[in-house]
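Turn these sequences into a full structure, and let the hints guide you.
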Amino acid sequence: MAADQIRYTRLPGRLRGVFHTASLWLGDDHLLAVSGWRFSEDYKRFYYRDIQAVVVTRTPRGVLPVPWILAVVVASITCVIGYVRSIHWLGEASAEVLIVLALYLLVVSLMQSCRCRIQTAVSHAELPSLYRLWSARKALAILERRIGEVQGALAEGWMAHVAESPAGFAASQSGEAPAPPAPPPPRRSATPLELALYAGLAAGGGALLLPALSGFWTVVIVVQVLLGIAVLVDQHRRGGGARAARIVAVLTMALAGGIGYVDNLVSALQQVQAHPGQFTMSVRPADLSHLPVLKWIYVGGCLLLAVAGAFSALTRRKE
Amino acid sequence: MWAGEVFAPIRCCRCQAELPREAIETRQGAICPGCNSEVIVRAFPAILNKPEQISPDAIQAGEGEATCFFHPGKTAAASCSRCGRFLCQLCRVEFRGDDWCPDCLSSGIKKKKIATLENHRNLYDTIALGITLLPLPFFWPLTIIGAPAAIYVAIRYWKAPLSIVRRTRIRFVAAILIAVTQLAAWTWLVVYLVALAVRRT
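Protein sequence lines correspond, in order, to chains A and B. Residue numbers for the first sequence follow numbering that gives the first Met the number 0, so the first one is 0 and each next one is one higher. Residue numbers for the second sequence follow numbering that gives the first Met the number 0, so the first one is 0 and each next one is one higher.
Simulated from the structure, these hints should not be mistaken for lab results. One thing to keep in mind: the hints can contain errors.
To spell it out: a stretch of chain B is covered by chain A in this simulated footprint if at least three of its residues, at any positions, have a beta carbon under 8 angstroms from a beta carbon of chain A; those stretches are [claimed, not checked]:
no.	region
1	8-22
2	43-49
3	115-128
4	160-173
Selected chain A positions facing chain B (Cβ under 8 angstroms, derived; list incomplete) [as the list claims (entries may be wrong)]:
no.	residue
5	Arg-37
6	Phe-38
7	Ala-52
8	Val-54
9	Ser-122
10	Met-252
11	Gly-259
12	Val-261
13	Val-265
14	Gln-269
The beta-carbon is built from N, C-alpha and C at its ideal position, and this holds for glycine as well.
Here it is as structure tokens:
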């Protein structure tokens with residue numbers, strides 16, 4: 000295909016969120032804005048000859064890129080290992096790294112973040128990949144040079160000249176009030192899958208509280224993980240969907256999967272201690288009764304997520 | 000004076016307030032009057048372009064004149080470079096330096112023959128890799144379904160177009176390798192458990 004022959008060069012700035020990714024690429028005659036939902040990509044093309052303006056506004060932003068999340072997870076794990084295994088220097092160093100990471104992210108989010116927008120005669124589009132000032136400045140310099148090669152540059156004092164002989168685009172619109180921004184798209188109501196996930200969470204939390212049902216815990220976490228996956232796939236198929244539902248789905252998978260892993264690990268360690276030198280495997284219906292802290296974390300997490308999900312679903316329905 | 004009086008207004012990204020001419024003209028950062036945020040604006044000559052306006056009377060076909068395929072009453076101004084149909088000023092679409100008719104353009108987009116107009120692609124390589132890797136942090140027994148599914152997706156969509164900006168198939172290769180490793184591990188586990196059961200009986 001012809002487009003496959005186009006060579007693109009990436010501009011500075013790249014958003015790598017948990018779900019959303021975005022980047023900007025320079026083509027021969029156009030700027031390509033790529034925004035992705037991990038498993039698909041959407042493209043917008045802005046031809047250099049059509050770009051009227053690029054605006055960068057300094058503003059606080061709470062973007063959490065995946066590399067930072069990974070760094071925090073690694074630092075947290077080493078911190079826990081350091082304190083559990085009494086390797087104090089490791090625990091302290093990791094805790095310091097965590098604090099530095101958090102402070103850096105806070106300062107940068109508040110002081111060095113921005114929003115960037117590109118304007119053509121018929122559209123305005125946000126450029127989500129440019130969310131830090133330094134990368135926005137670099138990208139703007141490169142983009143300005145490339146657009147300048149196609150359009151040339153505005154003369155010194157062009158604004159005064161235009162004001163004197165208004166032959167510009169909106170000369171005929173003088174005095175008209177600017178059009179109000181478009182209203183946000185209507186939000187969708189909760190899907191049956193989302194509701195099933197919230198119900199599964201509530202049932203999971205309740206199952207562990209009732210001794211008669213605690214034997215089904217393994218089944219419950221498998222169902223919860225499957226419901227989480229189903230919600231994510233469904234949301235992706237719908238093209239975005241509700242952000243709250245996606246967050247609840249991911250947290251559910253992390254909670255159920257994480258607790259399941261810890262439970263398996265602890266029981267394996269207990270078996271090794273009980274039968275040293277002998278490797279045994281068993282798939283048993285757990286009930287977390289031997290790990291009360293973990294049990295309450297799981298129950299609390301499930302109920303919190305169920306309440307948060309139900310709240311977001313009800314709020315959306317009211318709208 | 001406000002910029003919107005002489006050309007399309009340029010607005011602050013944060014508060015949507017219209018920016019004054021000083022903010023647009025300066026090369027340095029300016030302050031948005033709406034939210035007091037620092038704003039950097041780069042305006043380009045296209046901002047002064049007047050959009051082409053076509054008056055219906057001007058393109059009315061006269062006696063004996065060639066007419067548009069889609070509008071028989073209008074003068075033909077060009078012919079489609081793909082199908083050769085005559086086109087009036089309204090139907091003529093300039094694309095890649097040629098004139099196209101709306102039919103050829105829309106069928107080209109639908110059949111994905113004009114890749115420069117493609118605005119969405121599924122990333123099957125990332126899907127295959129995701130199917131193999133996602134069960135690991137969440138619930139590893141799902142790899143027994145995920146591994147064969149990943150191999151299927153990788154083989155089925157091996158030749159499907161990848162991302163427009165990234166063209167290597169390394170993710171497909173990684174997905175297949177990881178999936179094969181997972182299947183090998185499952186096979187070993189099953190064989191081990193069967194052998195254990197046989198030894199006990």
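Evaluation of the provided hints:
1. With a cut-off of 8 angstroms between beta carbons, the region 8-22 of chain B has 10 residues touching chain A; three or more are needed, and the interface restraint holds.
2. Check result for the region 43-49 of chain B against chain A: holds, 7 residues qualifying (beta carbon to beta carbon below 8 angstroms, three or more required).
3. Counting residues of the region 115-128 of chain B whose beta carbon lies closer than 8 angstroms to any beta carbon of chain A gives 9, which meets the minimum of three for the stated coverage.
4. Residues of the region 160-173 of chain B lying with their CB closer than 8 angstroms to a CB of chain A number 5, which satisfies the three-residue condition for coverage.
5. The closest approach between the C-beta of Arg-37/A and any C-beta of chain B is roughly 6 angstroms, which is under the 8 angstroms cut-off, so the hint is satisfied.
6. With a least beta-carbon distance of about 5 angstroms to chain B, the hint placing Phe-38/A at the interface is held under the 8 angstroms criterion.
7. Annotation: interface hint on Ala-52/A holds; nearest CB of chain B at approximately 5 angstroms, less than 8 angstroms.
8. Because the beta carbon of Val-54/A sits about 5 angstroms from the nearest beta carbon in chain B, less than 8 angstroms, this interface hint is met.
9. With its C-beta approaching chain B no nearer than about 11 angstroms, Ser-122/A sits outside the 8 angstroms limit, and its interface hint is violated.
10. For Met-252/A, the suggested interface contact is upheld, since its CB lies about 4 angstroms from the closest CB of chain B, less than 8 angstroms.
11. Residue-level restraint check for Gly-259/A holds (minimum Cβ-Cβ distance to chain B is 6 angstroms; threshold 8 angstroms).
12. Residue-level restraint check for Val-261/A is violated (minimum Cβ-Cβ distance to chain B is 13 angstroms; threshold 8 angstroms).
13. Because the closest C-beta pair between Val-265/A and chain B is about 16 angstroms apart, greater than 8 angstroms, the hint is violated.
14. With 8 angstroms as the threshold, the beta carbon of Gln-269/A stays out of range of chain B, its nearest partner Cβ sitting at about 20 angstroms, so the hint is violated.
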